Every structure is written in structure tokens, then in C-alpha cells.
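S.K.: Guided by the hints, dock chain B onto chain A, whose structure is given.
If you want the building blocks of each chain, they are given just below.
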Amino acid sequence: MEDDREENVQIVIPRSLQNRLSSLGTYVKIIVDEQETGIPKKDRLRREELQAIRYVVLIYMLNRIFLEGARTAREAVDELALHGIPELVIGRTRFAGRNENVMLGDRLSGQLKELCSGLGLDDLLKERYSVRELVLRLMGRVRDGSAVD
Amino acid sequence: MAAPWIDLRTLKKTLADFFDEQRQPITTFGSTVNQTFEAFVFASVIGWYRECGWDVVISNPLNEVTGKPVFKLKFSTRGRPADYSHATCSNGSVVVHVRHQLRVATRHHRDKQKNKANVCLDVAVIRPTDVSSYSTDTAAPNEQLISFGEAKHMSAFAELVAGFIGLVHEMQPERLKRTRIGSWNQQRVDHPAPFLYVSGVLYFTAEGIKETILRRRYDIDLYTQEDRLSGSPSLPASIR
Numbered sequence: 001m002e003d004d005r006e007e008n009v010q011i012v013i014p015r016s017l018q019n020r021l022s023s024l025g026t027y028v029k030i031i032v033d034e035q036e037t038g039i040p041k042k043d044r045l046r047r048e049e050l051q052a053i054r055y056v057v058l059i060y061m062l063n064r065i066f067l068e069g070a071r072t073a074r075e076a077v078d079e080l081a082l083h084g085i086p087e088l089v090i091g092r093t094r095f096a097g098r099n100e101n102v103m104l105g106d107r108l109s110g111q112l113k114e115l116c117s118g119l120g121l122d123d124l125l126k127e128r129y130s131v132r133e134l135v136l137r138l139m140g141r142v143r144d145g146s147a148v149d
Numbered sequence: 001m002a003a004p005w006i007d008l009r010t011l012k013k014t015l016a017d018f019f020d021e022q023r024q025p026i027t028t029f030g031s032t033v034n035q036t037f038e039a040f041v042f043a044s045v046i047g048w049y050r051e052c053g054w055d056v057v058i059s060n061p062l063n064e065v066t067g068k069p070v071f072k073l074k075f076s077t078r079g080r081p082a083d084y085s086h087a088t089c090s091n092g093s094v095v096v097h098v099r100h101q102l103r104v105a106t107r108h109h110r111d112k113q114k115n116k117a118n119v120c121l122d123v124a125v126i127r128p129t130d131v132s133s134y135s136t137d138t139a140a141p142n143e144q145l146i147s148f149g150e151a152k153h154m155s156a157f158a159e160l161v162a163g164f165i166g167l168v169h170e171m172q173p174e175r176l177k178r179t180r181i182g183s184w185n186q187q188r189v190d191h192p193a194p195f196l197y198v199s200g201v202l203y204f205t206a207e208g209i210k211e212t213i214l215r216r217r218y219d220i221d222l223y224t225q226e227d228r229l230s231g232s233p234s235l236p237a238s239i240r
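Chains as they are written, first to last, in my numbering: chain A, 1 to 149; chain B, 1 to 240.
Honestly, the hints are just simulated from the structure, not real lab data.
Certain hints may be false.
The following label-pair restraints were derived from C-beta to C-beta distances [stated by the list, open to error]:
no. : chain 1 : residue 1 : chain 2 : residue 2 : range
1   : A       : R47       : B       : T136      : 48 to 58 Å
2   : A       : R107      : B       : E174      : 45 to 55 Å
3   : A       : R46       : B       : K72       : 48 to 58 Å
4   : B       : E174      : A       : L82       : 29 to 39 Å
With a Cα cut of at most 27 Å, we get these calculated DSSO-like pairs of lysine-lysine [unchecked claim]:
no. : chain 1 : residue 1 : chain 2 : residue 2
5   : A       : K42       : B       : K12
6   : A       : K113      : B       : K13
7   : A       : K29       : B       : K210
8   : A       : K113      : A       : K126
9   : A       : K126      : B       : K13
10  : A       : K113      : B       : K12
11  : A       : K29       : A       : K41
12  : B       : K112      : A       : K29
13  : B       : K12       : A       : K29
14  : B       : K12       : A       : K41
15  : B       : K12       : A       : K126
None of the values given here were measured: they were computed from a predicted structure.
Glycine residues also receive a C-beta, built at the ideal position from the N, C-alpha and C atoms.
The shape of chain A in the complex, shown without the other chains:
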């Protein structure tokens, strides 16, 4: 059931974002396995603990994708504006200045952070970690049972 639910969550992620996220769960597992080599099975992460780490990493990377999407949109329109190009149009979506489309990634990041505010992930989402650093940090939290932050 847990896996089914995980699949359900992933299904609604737009395909273009899935490209960025599809291998993430596997990558997290590889890092965890690497860290747990030689550790007795009883001392390894439980299934639900691994799942929780995967979800936190997913939230972290989603937030990064939103923020990076907004940054690249801003920088693209700013550079083009320097050369007299007032807008970038992709399909029917118009990017110009700081319009809604340019800022959409920032807005989604804000919404995600707001929803996650009760989970104790606020400080974590402000920092910049590699996936490996993040997983190691989260594994440490699981082991000592403390809050993520």
C-alpha cells in the first residue's frame, strides 16, 4: 500500500518534472545502501524510515526545481531585455519582466513551504545540500530521533 500511495503521488507530477525526479528514489536508496554496508540488518533503516527520507528529499528537490525554474526564467528574460527583447513566449505562455509566469516557480515554492511548515522542514528547505549530504543528514536524524531541523 505504501508503494501504491507513493506511485499515486508521483503520477500527478507533470512529466517534465518527473524527468528530474523519477530516479531520485532509487538514488536515495543507493546512498542509504552504501552507508549501511556491513551494518547488521536489525540496525538498518526500517522501510517506513527510508520512505520518509525519500519523501523529504522529494520535497526538498521539488522546492529546488521551483526556485531554479523561477531563477532561470528571470535571468533569461533579463538577459533578453538587455538586447531589446521584451518578452519570451513559449507556446501560449508569455514571460516578461516579473510577470506571473516568470514568478510562478517562486510562488509554488512559497506554497510548498507553507504546507510543510508543520513538518519541521523550514530550516532544511532554506539550506543548500547535495542529495547525498541531505540523505546523510536525514539518516542521522532518524538514528537519533530528533527533529529534522
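M.R.: Chain B alone, transformed into the frame defined by chain A:
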């Protein structure tokens, strides 16, 4: 049972709620983020030339309806290159064109061969080339190619970086010799080296390939969200 450090059930519900509530904005974001990233990489290349003191002029095709110039990038491998915008960068007598998704012949292509060997490059820096007669399938000659970049909206794993090295081998194999030796870092760079720009991060498998690129002194660059192309005229690239 939830792990003690975080409530798994709440965590999953939060994610599910977010995807439900923000489905439409996420779809809009997701449907344009790849192209936005490509536009960003194109803009970063012209930004690199601008910051290096080159003059940059963007030429646009005419809108079929209004007859007015319109900025249009080529977000597809199909299409006549003349129907899309490009940048002309000039520094004294040196002039280059920066084009998006231009088809360029590989180094070993020969006109007499049965099937054409060419590749659409996400960003191509070429010597001034009149493409007005080019069809969607016409490739610019390889000798016109100065440099190029590939934009991937994803994090990089080993296979992606290895694939890029293969592309460089097809397009500019001389870049894969021990070029960056001695005083290379102090030399002035006239053009960006061929690069792979990923919007995400380098997974450690990709980091491993990057280490070997460094050791082999290849003249190529890998850029990520942390190591960026534009913003430094001296191109202190991530793998140098």
C-alpha cells in the same frame, strides 16, 4: 508506523494535498520549464559574450501576420533555422552567430554518404553563416562550428555525461585531447568551450566521470545550478 523523527502519514498527505491543490500551476510550470531552461542557456551564452565585451545584436524573423520582427527560439529539432531568432556577437572584426537547435554536420560526415550524419545542437556558436536557404534537414558544415552547448533539464548521472562526451567526439574531437595543461587557466578564452548544462545537480556517478574529465584535461565544461556559465568573463568553469 511512522518514524519518530517525522510523521510519515502527515508527510505523504501534505505532498498529496500540494499536488492536488496546485495541479494547474504545476502543470503550467512543468510544461514550460524545459523550454525556459533552454532559453536560459541560450541567454547565458549571449550573456557570456556580452560580459566579455562583445557587441550582441539579436535578429528576429518577421511575424507572418503582423509583418513585425518577433523573438522566436527553436524549441524543436524541426523547422527552418531562418524562421527563428539568432544572436550576432562581434568583437572587432571577429563575428559569431549564436543559434538555438541548429543542425550541424558531424566532423566525419561526408556529402557523398547515403545517410546524413548531423546533430541538432541546443546552442550552437558558429562562424557567420547564411542559413536562408536551409531546410529543416539542412545541416551547417562542421567547419562552421566554433562551440556548442547542450541543455538538460535534469540532474546528471554518469551516462548523461558520457553521452555528452560522445557528442563532443562526433562534433569536435580535438576537444578531447590533453588541452588544458600548463598555463591554460591563465589564458584568455575566446569562446566558451563545449558544455553540458544541467538544471539540477551532478549525482556522484556523474562526479566520477567529471573527475576523469579533469584528469584527462578535456576542453569541455559541465555546468550545474551551482556552477554557472554566465557571470564570469574568464570562465572559471566547474571542471577546470
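S.K.: Confirm or reject each hint.
M.R.: Evaluation of the provided hints:
Checked against the hint of 48 to 58 Å, the pair R47 of chain A and T136 of chain B passes, with Cβ atoms roughly 51 Å apart. About 46 Å separates the C-beta atoms of R107 of chain A and E174 of chain B, a value consistent with the hinted range of 45 to 55 Å. About 53 Å separates the C-beta atoms of R46 of chain A and K72 of chain B, a value consistent with the hinted range of 48 to 58 Å. In this structure the supplied range 29 to 39 Å holds for E174 of chain B paired with L82 of chain A, their Cβ-Cβ distance being about 33 Å.
Our distance criterion of 27 Å between C-alpha atoms is met by K42 of chain A and K12 of chain B, whose separation comes to about 25 Å. This hinted pair checks out: K113 of chain A and K13 of chain B have alpha carbons roughly 14 Å apart, not beyond 27 Å. Note on K29 of chain A and K210 of chain B: the hinted pairing holds, with a Cα-Cα distance of about 23 Å set against a maximum of 27 Å. At roughly 10 Å between alpha-carbon atoms, K113 of chain A and K126 of chain A fall within 27 Å of each other, so this suggested pair holds.
About 22 Å separates the Cα atoms of K126 of chain A and K13 of chain B, which keeps this hinted pair within 27 Å; it holds. Proximity of K113 of chain A to K12 of chain B is assessed by CA-CA distance (about 14 Å); at most 27 Å being required, the pair is judged to hold. With a CA separation close to 15 Å, the supplied pair K29 of chain A and K41 of chain A stays within the 27 Å bound. A threshold of 27 Å between alpha carbons decides the hint, and for K112 of chain B with K29 of chain A the separation of about 50 Å lies outside it, so the pair is violated.
A threshold of 27 Å between alpha carbons decides the hint, and for K12 of chain B with K29 of chain A the separation of about 18 Å falls inside it, so the pair holds. As the CA atoms of K12 of chain B and K41 of chain A are separated by approximately 26 Å, the hinted pair is consistent with the 27 Å bound. Among the hinted pairs, K12 of chain B with K126 of chain A is consistent with the structure: their alpha-carbon atoms are about 21 Å apart, no more than 27 Å.
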